[in-house]
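Colleague: Protein chains in written order, with our numbering: chain V, 1 to 181; chain W, 182 to 593; chain E, 594 to 1065.
These are computed hints drawn from the structure, not numbers from a lab.
Some clues are possibly wrong.
Pairs of lysine-lysine, PhoX-like flavour, derived with a Cα cap of 20 Å [stated by the list, open to error]:
| # | chain 1 | residue 1 | chain 2 | residue 2 |
| --- | --- | --- | --- | --- |
| 1 | E | K963 | W | K372 |
| 2 | W | K571 | W | K209 |
| 3 | V | K27 | V | K157 |
| 4 | V | K34 | E | K815 |
| 5 | V | K23 | E | K815 |
| 6 | V | K19 | E | K815 |
| 7 | V | K54 | E | K815 |
| 8 | V | K157 | E | K815 |
| 9 | V | K156 | E | K815 |
Now for the letters of each chain:
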Amino acid sequence: MKLVKKIDRVILAEFGSPKELLKAAEKMRQEGYKEFDCHSPFHIHGMDAAMGLKRSPLGYIVFAFATMGLLGALGLQYWTSAVDYPLVISGKPFFSGPAFVPVVFALTILTAAITAVVGMIAINRLPRLRHPLFSSDRFGKFSDGSFFISVESSDKKYNEAHTAGFLKTIGGQNIEILKDE
Amino acid sequence: MQSLKISLKVKEQILSKENMKLDRNTYKFTDKGNLGNIALVVGIVGLAASAVGYIQDSHQFYFSYLVAFFFWISVALGALFFNLLHHLTRASWSTAIRKLTESMMSVIPFMFVLIIPVLLGMHELYHWTHEDVVATDLVLQQKAPYLNIPFFIIRVVFYFAVWSILTFALIKNSARQDIKHEDSILARMRKYSAPGMMLFAFTLTFASFDWLMSLEPHWFSTIFGVYIFCGVFISMLAFTIIMVRYQNGQGAFDGIVTVEHRHTLGKLLFAFTIMWAYMGFSQYLLIWYANLPEETFWYLQRWEGSWRTLSIILPIAHFGLPFVALLPQAAKRNGNWLLMMAFYMLLMRYMDLYWIAMPTHSPEGINYSWMDISTMAGIGGIFIWLFWRKYTSGAAVPVNDPGLKVSMEYVN
Amino acid sequence: MADLAQTATKALKEPAHHERLITGEPSFEQVTNAVSRVVESKTPKAWWVLFGISSSATLLLLVAIAYLFWEGIGIWGLNVPVAWGLAIVNLVFWIGIGHAGTLISAVLFLLRQRWRTSINRFAEAMTIFAVICALIFPAIHVGRIWVVYYIFPIPNQMGVWPNFRSPLLWDVFAFGTYFTVSLLFWYVGLIPDLATLRERATNRIKKIVYGVLSLGWYGGNKQWKHYEMAYLILAAIATPLVLSVHSIVSMDFAVSLLPGWHTTIFPPYFVAGAIFSGFAMVMTLAILARAAFGLKDIFNMRVLERMNLIMLVTGSMVGYAYAMEFFIAWYSGNEYEMFAFVNRAFGPYAWAYWIMISCNVIVPQFFWSKKLRTNIAFMFIASILINVGMWFERFVIVVTLSRDYLPSAWGYYTPTFWDIAILIGSFGLFFSLFLLFLRFLPMVAMSEVKGVLPQADPHFAGNKQAHSQAVS
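Using the sequences plus the hints, can you model the full thing?
Modeller: Next comes the structure, spelled out in structure tokens:
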């Protein structure tokens, strides 16, 4: 997969409510569409299942990086305090297990948090400042109170006339065909 | 109970379940497994065997008994806390298991009888009861206004009075609600819960100071009460998971108590496992770091002989393993896995209490006795018998509680 | 307690799951408008007045710090044994304030307390600004500011590493992590709302700024899926972080040998106190913002009441900790320990001690009364008193050290003009940053508030007609 996917054309249809959007998404999935997305001002409960999306893999990525953060923090403290320049401080051993816990904890959390955010941005292929959707005047309302389905031209079932017609039958309104300018 | 008017839709819903095993009129749960009788037999045999043990080695008996007693009263006290919390937060998810947790705390007044051997054995358990020792020990003289036999007994009576009154108040109102629902009943339960929670916090703290911390009368730790509280709540959660699973296993409660409730109990178990570790580590780190002899000796005792092995295993087994085993969502929703973890956590609670109390008895190393098992079986058997008798004698779900419907439909 | 019964009756009539979190039944568009309007409208005069005051105080902070760097920390009222003085009092105070934000955004999220959506953005912003204020104090207190990088494990010409066994170094990592995680959490929450502002922007500069900051978010469910997961993970890891940060702060004191400082309950006690004071600060700010911007439906009474209840709970926990400390000080049989506590309550700083007890233990107990906890004027005053009390709690812990083991060194610590100047300055900085936030960013998480509106539920029955008509 390329880092930034080129999207030529998108069909956009508007729906009246979260309920209609959810039903339409189910029909899109049953019809066999894959490269479509549902746009809403907030995450709609049950939409992942309706669109047939798998659970996000982000949790596993974060777990892997957090483990590395944990080992890294332990290694850092071990190496600096017990190997590279060992100093006796307040009679504590060079490798003071209990005293190293807070920093290990903090750095584990830090790596986990950074991984979660950077990972989310990367998986979503953001930042993306150019998209055919942005050429629509109505689409701006997606973050206000409107609900949309967009179908990308890369979908195997994409057929401008047919897809637009199908969107209409499942309740889509104000259908637009958008091109990358 | 025959005169129950089925007024709420929810009752129809309960009764329409095909697998429903509750009595149609009384909502009583009929146990197919005969748990109560088995528990009673185990309890009597356990106590009888322990009595023999008492003749053989009274010192061992008293320590084993204290650990077993604290282990089982933890379940009941945890249930009291759970109910107070349920009413205070107006929780809706836990309504379906409220009768179960109420039955657990109903054992508290009976535990007052079971604490008598501890009072009889004070001289063997608690060092500070020896007048000749106190006479030569300035620190113990200083503590004598608190650590003395009459005051100790007064406090025991006081703790049980507070816990029993709270228990009675909640259970009585719960029974009234079974007959007819009035909004004022839940309101009254909430009214008791607010000061009840405050009293619970202080009584549990001082009970843990009295019964466990004063085994080493020189040692002190301000966090000890909170640490014990985390353990108490873990015990109750683990026990509840097991009982919920037991009754679900008989096909009863389908659609009433579901995987969603077990999932939430699992989440709480997971959270309090972390809390326990947090409290335990805070205590250890601060004492280890400051390295004051008047505090460190408690840990050094637990670093003697085979106690050292237990001290190393405890944080790993009580925190590390369950942390990993309960972390994934699937682990909390898998019935068998969660059941296994609940049993495991009860074992860990026992291990923790053993580690707290027993080094006073056998400082040279772990000296595991058959009496440790017999007292656990004895008190445990009686505990489960009493709890089960209460649970199967009345409605097994608070059918008139308006929160029940929400609880049944609860999803995580 | 009769009011508790009333609450109960009401709650029974509206079961928790179906209650309205946002009053006034707004539509999605009305939420967008109500929140965005604050950012988009012309800057009100009152804002300029407040900003003028707070930025002047910030200027005082800068002057005080510049003078401090020039002269050294001798300008403060420090002396052994009170060697930390107001610097650490303010540090702990500000870090504590931040904890409510993290609790609201992370812990209440995990507990599915959906009423949090009204206040989480606001509280998270407060967290970040409070942590910024807090971080000033250890930084300027190091003495040789030009080698402040010694606190990081960076290879330096001396070949020495920082001392990882020191709680002060744990602070560096704890605060660094806390600040970063809070910032990330806040930013992730802001992305969808920044997209809203981008779509509504009227001029090119705003469009570019909000466009870049929103990363080109287009609200696709394929984005939402990963977004929600990231949010959940951040909440899950921020929860133990709340516990750890103030625990580590408490260890600055508790790992020592000093009576009154070395006690094992310090970590959970500090955490409870931090949440307590943080909620009080959120309350103060929320009441002001509510009045100033007319957001009464969003910062509604139900939200305020629950915040008051959290203050009641955490305030009681703090009270429990005070009691434990006092009891164990006696029970320990250690005369120094006993002296430290008697000295706190009846020594030269008794006035501060009793301010602390009345504000932290007694004031929150009034929230048992339904009448008082739903009374705006009372809760506003109480929230300020609680913050005063929590500031004095740290003050008591730090300055009662003025009577330690060595009576010949006993004294009475008094802050100097510059101590006070920096404290006032830190408030100035906090409010300046907060005012800028109110001006330029949506102070309520619009996407989350919309998500808890009844019509956001795909199984919602009513009002569908109206929506369909609006579209066509």
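Colleague: Compare the structure with each hint and give your call.
Modeller: Hints, verified against the model:
Between K963(E) and K372(W), the direct Cα distance comes to roughly 13 Å. Compliance with the 20 Å bound is thereby established for this hinted pair. With a CA separation close to 11 Å, the supplied pair K571(W) and K209(W) stays within the 20 Å bound. Restraint check: the Cα-Cα separation between K27(V) and K157(V) comes to about 14 Å, which is no more than 20 Å; the hinted pair holds. Under the criterion of a C-alpha separation no larger than 20 Å, the hint pairing K34(V) with K815(E) is consistent with the structure, at around 11 Å.
At roughly 17 Å between alpha-carbon atoms, K23(V) and K815(E) fall within 20 Å of each other, so this suggested pair holds. Of the supplied pair hints, the one linking K19(V) and K815(E) holds, its CA atoms being roughly 18 Å apart against a limit of 20 Å. Straight-line distance between C-alpha atoms of K54(V) and K815(E) comes to about 10 Å, which keeps the hinted pair within the 20 Å bound. Between K157(V) and K815(E), the direct Cα distance comes to roughly 19 Å. Compliance with the 20 Å bound is thereby established for this hinted pair.
Of the supplied pair hints, the one linking K156(V) and K815(E) holds, its CA atoms being roughly 18 Å apart against a limit of 20 Å.
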